[in-house]
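Colleague: What follows is each chain in one-letter form.
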Amino acid sequence: MSGSTSARSRARGGQTKTKKKKAPGAPQHQDEFIAQHRASWSELEDLLTSSRELHRKSPYEISRVATLYRSVCADLMRARSNFGPDVVRYLEGLAGRAHNALYGARAYRLSALWELVAHHFPRTLRKRWRLFLIANLLLWVPYAFGFFGTLASIEFAETVLPRSQLMMMEAMYTEGFEAGRDAATDSEMAGFYIFNNVGIAFRCFATGILFGLGSIFYAVYNGVVMGVSIGWVVRVGYGHNIMTFVCGHSPFEMTAIVISTGAGLQMGWALIKTDGLTRLGSLRSQAGELGHLIMGAAVMLVIAAFIEGYWSPSSVPAPIKWAVSGLNWTLVGAWLFLGGRWAGRERVAKAAAGAPPPPSAASSEAKEATP
Amino acid sequence: MGAAAQPTQDAVVTAPLDTTAEIETPEHVRFGHPLAGPTRRAAAYLIDLLVRFAILLALAFLVGLVGVATGDLDGFSTGAILVIYFLLDWFYYVLFESLWSGRTPGKRAMKLRTVGEDGRSLTALDSILRNLLRAADFLPFGYAVGLVVMGRDPKFRRLGDMVAGTVVVVEDRGQISGRLTLAPPPTAKELDSLPAHPPVSREELEAIELFLRRIPHLAPGRVVELADLVAPIFAARMNTRYTNSVRFLGLIYARSRGHEPVKETPKRKIEGGGRRRRGRRGRRGRARSAHNPSGSPLNEIARPPAPEPEPAPEPAPEVQPTLAEPGQAAQPDQVATQAPTPSSVPTPGAWS
Numbered sequence: 001m002s003g004s005t006s007a008r009s010r011a012r013g014g015q016t017k018t019k020k021k022k023a024p025g026a027p028q029h030q031d032e033f034i035a036q037h038r039a040s041w042s043e044l045e046d047l048l049t050s051s052r053e054l055h056r057k058s059p060y061e062i063s064r065v066a067t068l069y070r071s072v073c074a075d076l077m078r079a080r081s082n083f084g085p086d087v088v089r090y091l092e093g094l095a096g097r098a099h100n101a102l103y104g105a106r107a108y109r110l111s112a113l114w115e116l117v118a119h120h121f122p123r124t125l126r127k128r129w130r131l132f133l134i135a136n137l138l139l140w141v142p143y144a145f146g147f148f149g150t151l152a153s154i155e156f157a158e159t160v161l162p163r164s165q166l167m168m169m170e171a172m173y174t175e176g177f178e179a180g181r182d183a184a185t186d187s188e189m190a191g192f193y194i195f196n197n198v199g200i201a202f203r204c205f206a207t208g209i210l211f212g213l214g215s216i217f218y219a220v221y222n223g224v225v226m227g228v229s230i231g232w233v234v235r236v237g238y239g240h241n242i243m244t245f246v247c248g249h250s251p252f253e254m255t256a257i258v259i260s261t262g263a264g265l266q267m268g269w270a271l272i273k274t275d276g277l278t279r280l281g282s283l284r285s286q287a288g289e290l291g292h293l294i295m296g297a298a299v300m301l302v303i304a305a306f307i308e309g310y311w312s313p314s315s316v317p318a319p320i321k322w323a324v325s326g327l328n329w330t331l332v333g334a335w336l337f338l339g340g341r342w343a344g345r346e347r348v349a350k351a352a353a354g355a356p357p358p359p360s361a362a363s364s365e366a367k368e369a370t371p
Numbered sequence: 001m002g003a004a005a006q007p008t009q010d011a012v013v014t015a016p017l018d019t020t021a022e023i024e025t026p027e028h029v030r031f032g033h034p035l036a037g038p039t040r041r042a043a044a045y046l047i048d049l050l051v052r053f054a055i056l057l058a059l060a061f062l063v064g065l066v067g068v069a070t071g072d073l074d075g076f077s078t079g080a081i082l083v084i085y086f087l088l089d090w091f092y093y094v095l096f097e098s099l100w101s102g103r104t105p106g107k108r109a110m111k112l113r114t115v116g117e118d119g120r121s122l123t124a125l126d127s128i129l130r131n132l133l134r135a136a137d138f139l140p141f142g143y144a145v146g147l148v149v150m151g152r153d154p155k156f157r158r159l160g161d162m163v164a165g166t167v168v169v170v171e172d173r174g175q176i177s178g179r180l181t182l183a184p185p186p187t188a189k190e191l192d193s194l195p196a197h198p199p200v201s202r203e204e205l206e207a208i209e210l211f212l213r214r215i216p217h218l219a220p221g222r223v224v225e226l227a228d229l230v231a232p233i234f235a236a237r238m239n240t241r242y243t244n245s246v247r248f249l250g251l252i253y254a255r256s257r258g259h260e261p262v263k264e265t266p267k268r269k270i271e272g273g274g275r276r277r278r279g280r281r282g283r284r285g286r287a288r289s290a291h292n293p294s295g296s297p298l299n300e301i302a303r304p305p306a307p308e309p310e311p312a313p314e315p316a317p318e319v320q321p322t323l324a325e326p327g328q329a330a331q332p333d334q335v336a337t338q339a340p341t342p343s344s345v346p347t348p349g350a351w352s
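Quick note, the sequences are listed as chains G and C, same order.
Residue numbers are given in the numbering used here: position 62 of the first sequence equals residue 62, and the series is strictly consecutive.
Residue numbers are given in the numbering used here: position 351 of the second sequence equals residue 351, and the series is strictly consecutive.
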C-alpha cells in the first residue's frame, strides 16, 4: 500500500498538495477520490491502450504498469467499500485489463514441448490404455470388415462407396511407384494428406464430446472406408502397389488417428462416469491429459504427412520400404511404450526426496484404478 | 412491514442477474469481468474469418506468383496452398491466442479476450483444446451446437471453453459518469425528514443509484411505477412518509452519499461532464456521445463541483401527488435543465 501511494504521488507530481488538506484516514468524498487518482488511472489507461504488447515495452514501462496495477487494485478495494457502482465498475475494468496484460503472456520453451511429446504424452497414453484399446477395436474391426467384405463381394464394396470413387482408387495404384513421382506431385500430395488426415484425426477427437458418439462414428466410418478402398485395390490385383505405399506412413498415421479417437472417447466417458463430480467438472479434470494426447497425435500426424508425401510414393524397392515400415512400427512402439519411463522415475524419486506429491497427482493416481 | 421481512427483495439485491466472471488475482483482489455473449463473439468470429480469408488469398497469390516465375510447378503451389489452408483452419486461433495472450485479430477488434475461468492466463494447451473442439461446436453446421451450449451456460461457454476451462470476457473501457444531482436541490426540510444515516444497505444504495441513472432512458410512467415498488419499503423502514416516490429515492441517495450538504442557502451544483450535455442534446446527442470514439473516458469523470452562486430558491412546496399520472410526469431531460424557481413544483424524474 505504501509503495502504491508513493507511486501515485509520483504520478501526480504537484497534485500532492491537495491530498494533504484532509486528515489521513478521514472519509473521502467520491469526487475528491476520483480527482486525486485520475492521473494515475489515465496513465495506466494510456499504457494499456498503446498498440505494443506489454512484453515489448521498455522495462520502465512494464514496471510502471505493475506499480499502477497494484495501486488501482487498492483503489478498487476502497471504491468498493465507499463509492458508487460507477466507479467500481470502471476500476474493475481497468484492473482487469491490467491484470490480463501483466499475467497474460507466458514464455514458450522448446524443451517444454519436447517434454510434453516425449514424456507426458506416452505416459498418459499408457495410463489410458483401455481407451486406446477400445479405439483400436473401433477402427480396426470395421477396417477388417470392409477389407474382407470387399474381397468377398463387389456388391458390398459398391454399397459402401460409389463406383466412381472405387475406380479412382484403382486408377491411383494401377501403375505402382517404380518410376517414382515428380517432386511437384509429392508436394501436392503431402499438402493434401496433411489437410485430410489431420482433419480426420482432430474430428475424431473433437466430436467425442458428444458423449463419445462422434468419435465412435468417425472411427467406424473411416475404418470401413479405408478397408473397402484398400480391399478394392487388392481385389483388382494391385495389392502390391498399395501395400508398399501405405506401409511406410501407416504406423504413425493410423496410431495417431486411434489415439485421437481414444482421447475423444475419454471426453465422452468423463461425461458419463463423473466420479462424484459434476459432468463439467469431470470433463475439466481431463483437460491436461487430453492436451497431452492430442499434442502427441498431432506430432505423429505431421511425421506421417511427410513420410506419406515424400517417402511412400518414392521409387525405393519394395523390400526396403517394408524394412522401413518395420522400423517405423518399432519406433512408434518404443515411443509409446518406453517414452517417459525413466524421466518419470527420476521425478518420482525427486518428489519423494523433496516435498510430498501434490494432491492433484494423488487424485489422478486414484483415478487410474477406475479408468 | 420491515425490509428484513422481505426475503425476495434481499435476494434480488444480493444476487444480481449479471453476466460477470469473478476473478481473484494473486493480489487477493476480486474483480468481475463482463462476459462476452454470443453476438459479440460471432462478430469476432466473422472478422477472424475475413482475416483468414485475406491471409489465404494473399499467400495463394504469392505462391502462384512464385509458381509462375519458376515455371510449371502446379503441384508445389497446390500443396503449399493446402498446407496453408490447413494451418489457418486449425492453428490460426492457437497461434494468435498464444501470441497475444488470448486475443485474435477479431477478438481484439471486438475488445474480447479469452482467459482462464479463474483469471489465470491462457496456456498453449488450453488454446489448443478449446480451438480443436471447434470441430464439435461447429456441428452440424454454423456453430449450431456451440450456440445452443452457450445459450444454456451462465458463463456463455461453448464446448471448447468448457473442456479447456476458459471464458471469453469483454475488455471495454469503463466510464465514470458524472455525479448525480437532484434538481431542484433538496431543501433542508426535505433532508431533515430523513434520518442522518438512512438505514439503507450498500447494495440497496447501489440499486437506487443505478435506477436514478437510468431515469433518462426510461419512460416517465415506468419511472414512477418502478419507484413506487420500492419506496414504500424504505418509507416503512424509516418511519417516514413521502409524497413523490422518485424524489423520495433521490433524497435517500443524497442523504446517504452526503452529496448535498444541508445548508441554509442550497446552491445549485453543476453536474459533471457529459451527462448533462447529453441530456440537453436529447436522443441523437446521447447516441453519438455513447460511442465516444476518441475522448478518453476519464473526461467523463465527474469534476469537483464548481458551485455556481445563485439566488437561493425558496424551499419548493411539497405538493406533488404521491401517484403521478404517467402523462403528467415531465420529461426528465427538460426538467434537469430547468432553473429552479420558487414556484416550480418538484416533478418525478427530475434527475439527470
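Each hint should be verified, as a subset may be incorrect.
To be verified - Below, computed lysine-lysine pairings styled on PhoX-like, alpha-carbon distance capped at 25 Å:
{"#": "1", "chain 1": "C", "residue 1": "155", "chain 2": "G", "residue 2": "273"}
{"#": "2", "chain 1": "G", "residue 1": "273", "chain 2": "G", "residue 2": "127"}
{"#": "3", "chain 1": "C", "residue 1": "155", "chain 2": "C", "residue 2": "111"}
{"#": "4", "chain 1": "C", "residue 1": "111", "chain 2": "G", "residue 2": "57"}
What the hints assert, rightly or not - Output of the computed footprint for chain G on chain C, the stretches with three or more beta carbons under 8 Å from beta carbons of chain G:
{"#": "5", "region": "52-59"}
{"#": "6", "region": "159-172"}
Worth flagging that the hints you see were computed from the coordinates, not collected in a lab.
Ideal Cβ placement from N, Cα and C applies to all residues, glycine included.
Colleague: Next step is simple, just say for each hint if it's right about the structure.
Modeller: Now for the hints, and whether the structure bears them out:
1. C:155 <-> G:273: holds, 24 Å
2. G:273 <-> G:127: holds, 17 Å
3. C:155 <-> C:111: holds, 17 Å
4. C:111 <-> G:57: Since the Cα atoms of residue 111 of chain C and residue 57 of chain G sit roughly 21 Å apart, the hinted pair holds (cutoff 25 Å).
5. 52-59: The restraint on the region 52-59 of chain C is violated, since only 0 of its residues have a Cβ under 8 Å from chain G and three are required.
6. 159-172: With 8 residues close enough to chain G, the hint holds.
Going down the numbered hints, you'll see the structure goes against just number 5.
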